[in-house]
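> Listed below, chain by chain, are the residues.
Number of protein chains: 2
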Amino acid sequence: MSGTLYGLGIGPGDPELLTLKAHRLLQAVPVIAYPAPEQGDSLARRIVAPHLPAGRTEVAIRMPLVEARFPAQEVYDRAAVALGGHLEAGRDVAVLCEGDPFFYGSFMYLFGRMAERFAVEVVPGVSSLTACAAVLGAPLAARNDTLIVLPGPLDAETLRARLAQAEAAAIIKLGRHFPKVRRVLEELGLAESARYVEHATMTEQRVLPLAEVKADAAPYFSMILVHRRGEAWT
Amino acid sequence: MSGTLYGLGIGPGDPELLTLKAHRLLQAVPVIAYPAPEQGDSLARRIVAPHLPAGRTEVAIRMPLVEARFPAQEVYDRAAVALGGHLEAGRDVAVLCEGDPFFYGSFMYLFGRMAERFAVEVVPGVSSLTACAAVLGAPLAARNDTLIVLPGPLDAETLRARLAQAEAAAIIKLGRHFPKVRRVLEELGLAESARYVEHATMTEQRVLPLAEVKADAAPYFSMILVHRRGEAWT
Numbered sequence: 007m008s009g010t011l012y013g014l015g016i017g018p019g020d021p022e023l024l025t026l027k028a029h030r031l032l033q034a035v036p037v038i039a040y041p042a043p044e045q046g047d048s049l050a051r052r053i054v055a056p057h058l059p060a061g062r063t064e065v066a067i068r069m070p071l072v073e074a075r076f077p078a079q080e081v082y083d084r085a086a087v088a089l090g091g092h093l094e095a096g097r098d099v100a101v102l103c104e105g106d107p108f109f110y111g112s113f114m115y116l117f118g119r120m121a122e123r124f125a126v127e128v129v130p131g132v133s134s135l136t137a138c139a140a141v142l143g144a145p146l147a148a149r150n151d152t153l154i155v156l157p158g159p160l161d162a163e164t165l166r167a168r169l170a171q172a173e174a175a176a177i178i179k180l181g182r183h184f185p186k187v188r189r190v191l192e193e194l195g196l197a198e199s200a201r202y203v204e205h206a207t208m209t210e211q212r213v214l215p216l217a218e219v220k221a222d223a224a225p226y227f228s229m230i231l232v233h234r235r236g237e238a239w240t
Numbered sequence: 007m008s009g010t011l012y013g014l015g016i017g018p019g020d021p022e023l024l025t026l027k028a029h030r031l032l033q034a035v036p037v038i039a040y041p042a043p044e045q046g047d048s049l050a051r052r053i054v055a056p057h058l059p060a061g062r063t064e065v066a067i068r069m070p071l072v073e074a075r076f077p078a079q080e081v082y083d084r085a086a087v088a089l090g091g092h093l094e095a096g097r098d099v100a101v102l103c104e105g106d107p108f109f110y111g112s113f114m115y116l117f118g119r120m121a122e123r124f125a126v127e128v129v130p131g132v133s134s135l136t137a138c139a140a141v142l143g144a145p146l147a148a149r150n151d152t153l154i155v156l157p158g159p160l161d162a163e164t165l166r167a168r169l170a171q172a173e174a175a176a177i178i179k180l181g182r183h184f185p186k187v188r189r190v191l192e193e194l195g196l197a198e199s200a201r202y203v204e205h206a207t208m209t210e211q212r213v214l215p216l217a218e219v220k221a222d223a224a225p226y227f228s229m230i231l232v233h234r235r236g237e238a239w240t
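Quick note, the sequences are listed as chains A and B, same order.
In this text, residue positions in the first sequence follow our numbering: the first is 7, and each later residue adds one.
In this text, residue positions in the second sequence follow our numbering: the first is 7, and each later residue adds one.
With the rest of the complex left out, here is chain A (with noise of 0.2 Å):
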């Protein structure tokens, strides 16, 4: 009898923002899975760390920092193939994902490899994308507002037309991207109101009006939440 693989949401950073679930199989399942810069600790492993029991075996998907766009193929084939070891020695399996799975996450590599041969759960996490509200203090959205979650290295020209069609956006993986994304935000009259934070829920966690953002300053982990109705919650 094959062991189960969970992706498992452990939340934006704040270990405390991980699910009940995610803390009971914690507990119980013997081999859990982490990915990990080259060199270096994990940032998942951190997060968790407080939870987790000792005597555990980790195996860490080291991803080497490559220009390339998407992520080395390779490393999810040979993670794939250590991770199926444990699985059919019966061995349950989780895999730590920050925020949620399946929410802009690298887990899919592994579902994508994984699925039809094992049984797959996912365990959904509090995603950045409400954790960056909560910190902020204003609502993502309401009613019937359209709400569009936007890549950062998303083109200029992409970036102003799907902005026009949503009353409520987030820009996410922002990095190198932000000074372009800011000069769209400028460019609508929407920069007064976006919000900036980077890091949200985490020690680094840091707010900052947009323009006192340095335009080579700002980590993968921020983002920007722009509503057009602005403070209109009542």
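Estimated spans, in silico, between C-beta atoms of each pair:
id	chain 1	residue 1	chain 2	residue 2	range
1	A	Thr164	B	Glu193	18 to 26 Å
2	A	Ala223	B	Glu127	26 to 34 Å
3	B	Ser199	A	Met69	25 to 33 Å
A partial selection of chain B residues facing chain A, derived with a Cβ cut-off under 7 Å:
id	residue
4	Leu23
5	Phe109
6	Tyr110
7	Pro130
8	Val132
9	Thr136
10	Ala137
11	Ala139
12	Ala140
13	Leu153
14	Ile154
15	Leu156
16	Pro157
In silico SDA-like pairs for lysine to any residue, Cα to Cα no more than 25 Å straight-line:
id	chain 1	residue 1	chain 2	residue 2
17	B	Lys179	A	Gly143
18	A	Lys186	B	Asp151
19	A	Lys186	B	Arg149
20	B	Lys179	B	Ala42
21	B	Lys186	B	Glu198
22	B	Lys179	B	Val81
23	B	Lys179	A	Glu173
24	B	Lys186	A	Asn150
25	B	Lys186	A	Arg168
The set of hints was computed from the structure by calculation and includes no laboratory data.
Keep in mind it's a predicted model, so treat the numbers as computed, not measured.
We treat Cβ as the ideally placed atom computed from N, Cα and C, and that holds for glycine.
Given chain A, work out where chain B should sit, using these hints.
Just chain B now, with coordinates in the frame of chain A:
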């Protein structure tokens, strides 16, 4: 010293999808409030019932069944007065919010009335958006996908135009708008790949092919997920 008002995300329905933080606050806060129908039980209260200690003061915010498009403002005016009384007396209050407080949640109506007078903290929760993706076993969005969230009450023309601007879409608040939404998806050639779920993660959960949903039977708590690229998650 006034109390703190917590907007407590309690997740999509499964009581195990509460966060550790929401669970801790439920044990600590002397007053809980929750939305409820004019008569009968509160869904939000049902979700947290397994975790609720005895002896809490409970405030049901009862919403009359009205034809009005937006909820009666007077109900929130009265609730703000009632909860404000507890806060002024130094008692913390937790308002239970299905899913996440700021993702199309009614908490914003209290937030708008109370945030200037009292300390308010929003505790993000697992939203129906990611819960539905987990239940349906399909990534919501990946890489540089644009993800759009569309409320079912939007007219067919708006739905059509906005669906064209995104690789991934979630259509929420279906209810009586389901037949119109299905027709739009059929016209756009998206009906085959669309996924439908109702009451995700609750005991009443059902996953159905779009074609098998009865036109008048979709509840408010149902959702359709669409992805243009389908299953290429590798």
